[in-house]
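This is what each chain is made of:
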Amino acid sequence: MSEKKLHFFVGCFVLSACAALLLLVLKVAGFNLTGQSDTYQLVAKFDNIGGLKPRSPVKVGGVVVGRVESIDLETETYTPIVTLSMFKKYGYYPETSSAAILTAGLLGEQFIGLRAGFIDEDIVMLEQGDEIEDTKSALVLEDLIGQFLYSIQDKE
Amino acid sequence: MIQGIVRTGASTLHVIGQLGLAVVMLLRALACAPNAKFLRLVTAQVYFLGVLSLPIILVAGLFIGMVLGLQGYNVLVGYSAEQSLGTMVALALLRELGPVVTALLFAGRAGSALTAEVGLMKSTEQLASMEMMAVDPLKRIIAPRFWGGVIAMPLLAFLFSMIAIWGGSLVGVDWKGIDSGGFWAVMQASVNVYEDIFFGFLKSLIFALVICWIALFNGFYCQPSSLGISQATTKTVVNSSLLVLALDFVLTIFMYG
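Chains as they are written, first to last, in our numbering: chain A, 1 to 156; chain B, 1 to 257.
FYI, nobody ran anything at the bench for these hints, they're computed from the structure.
One should not assume that every hint holds.
As the list claims (entries may be wrong) - A partial selection of chain A residues facing chain B, derived with a Cβ cut-off under 8 Å:
1. F9
2. A17
3. L23
4. I71
Beta carbons: idealized from backbone N, C-alpha and C, even for Gly.
If we strip away everything but chain A, and leave its shape as in the complex, we get (with noise of 0.2 Å):
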């Protein structure tokens, strides 16, 4: 075989292997490019955070616009607090909006349920580095059982 037929088959070999690499990383691990330019960051205390990880997403109306930078516990009051990295393309929420830990399907992932609030004259945007002040708890399934049964032994 000449020299240069076997150069063009391990150019195409080594070549798909990128290309595989490359549908790997974008396709399989959902490997996204945005920089850090494209996004501002947020943060939320929560009395209980559930099950929550970094890298969860924040959707309002079930439109991924963010995901969760870190967790972090705030080591004077005892109290999760939550940096989330939301997308600047899906513009700012104003101060009333609310944050809720919500729990996709029974038993599936946990992520951050964002519900816009109203604007009027005197509310202001949130900003790089502001607090969502109005936020709800994960549900924790034990707990409930715990009221629930609770609940019962009251009535009996």
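Chain A is fixed; fit chain B onto it per the hints.
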């Protein structure tokens, strides 16, 4: 009694001697500066070890992916969690099956060929005549084959994983009717570039080093006879397959344990 102790000692020394020979062979083969001529030799080996292994890797990958998809679907549908099929297939392939099955196939397809080729060169005294011409066979024969295999195997593992995941989606989405958006989105939510893809790549790289090393060592130091070549080839496939499986467990402990 004394005989037994003597035999144990002799075989221990033999194993240590072999290990030492293998390390010295590898170091002497790798201690050379790459030049244009050397790169051409490596390219030729990437062709023989990589491109010519493509059919078996791709066909095996497709079928393994489809079987994984079908078996996974049958179990998951009982919990109505069939959307998680994508996650199961992708993680199983990227973390374990991709590197390991590719390594086993590579040991059978390319490792045995390396041993037989180098062993026959030794038996027909081509290696000795090279030395007579002041050409170092370690640099002319061993080094390009080693690098060619080390380059080709991880690339084969990527292609294997990719086509197997496609095979899984073929069964799950196109045949069994899982929603394609759910299939890919759940997969993307749980597969991590560093933890899954990079660690899988690391595994396949380590397996490639082990397989090429064993194959070339067995060929280079085989008994120069037809029986010797056949024994060396068998030893290559058996030893490298076992070592790959054992190493995979150790690596998995370190990576995910």
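request  = Verify the interface restraint on I71 (chain A): the C-beta must sit less than 8 Å from at least one C-beta of chain B.
outcome  = At about 17 Å, which exceeds the 8 Å cut-off, the nearest Cβ of chain B leaves the hint on I71 (chain A) violated.
Notebook entry, point to check: Holds or violated: A17 (chain A) as interface residue toward chain B, Cβ cutoff 8 Å?
Noted result: With a minimum Cβ separation of about 3 Å from chain B (threshold 8 Å), the hint on A17 (chain A) holds.
Fill in: Per-residue hint verdict: L23 (chain A), partner chain B, C-beta under 8 Å
6 Å, holds
### Message
Is the interface hint satisfied for F9 (chain A)? The criterion is a beta-carbon contact with chain B at less than 8 Å.
### Response
F9 (chain A) check passes; min Cβ-Cβ to chain B is 5 Å, inside 8 Å.
In terms of the numbered hints stated before, the structure departs from hint 4 and from no other.
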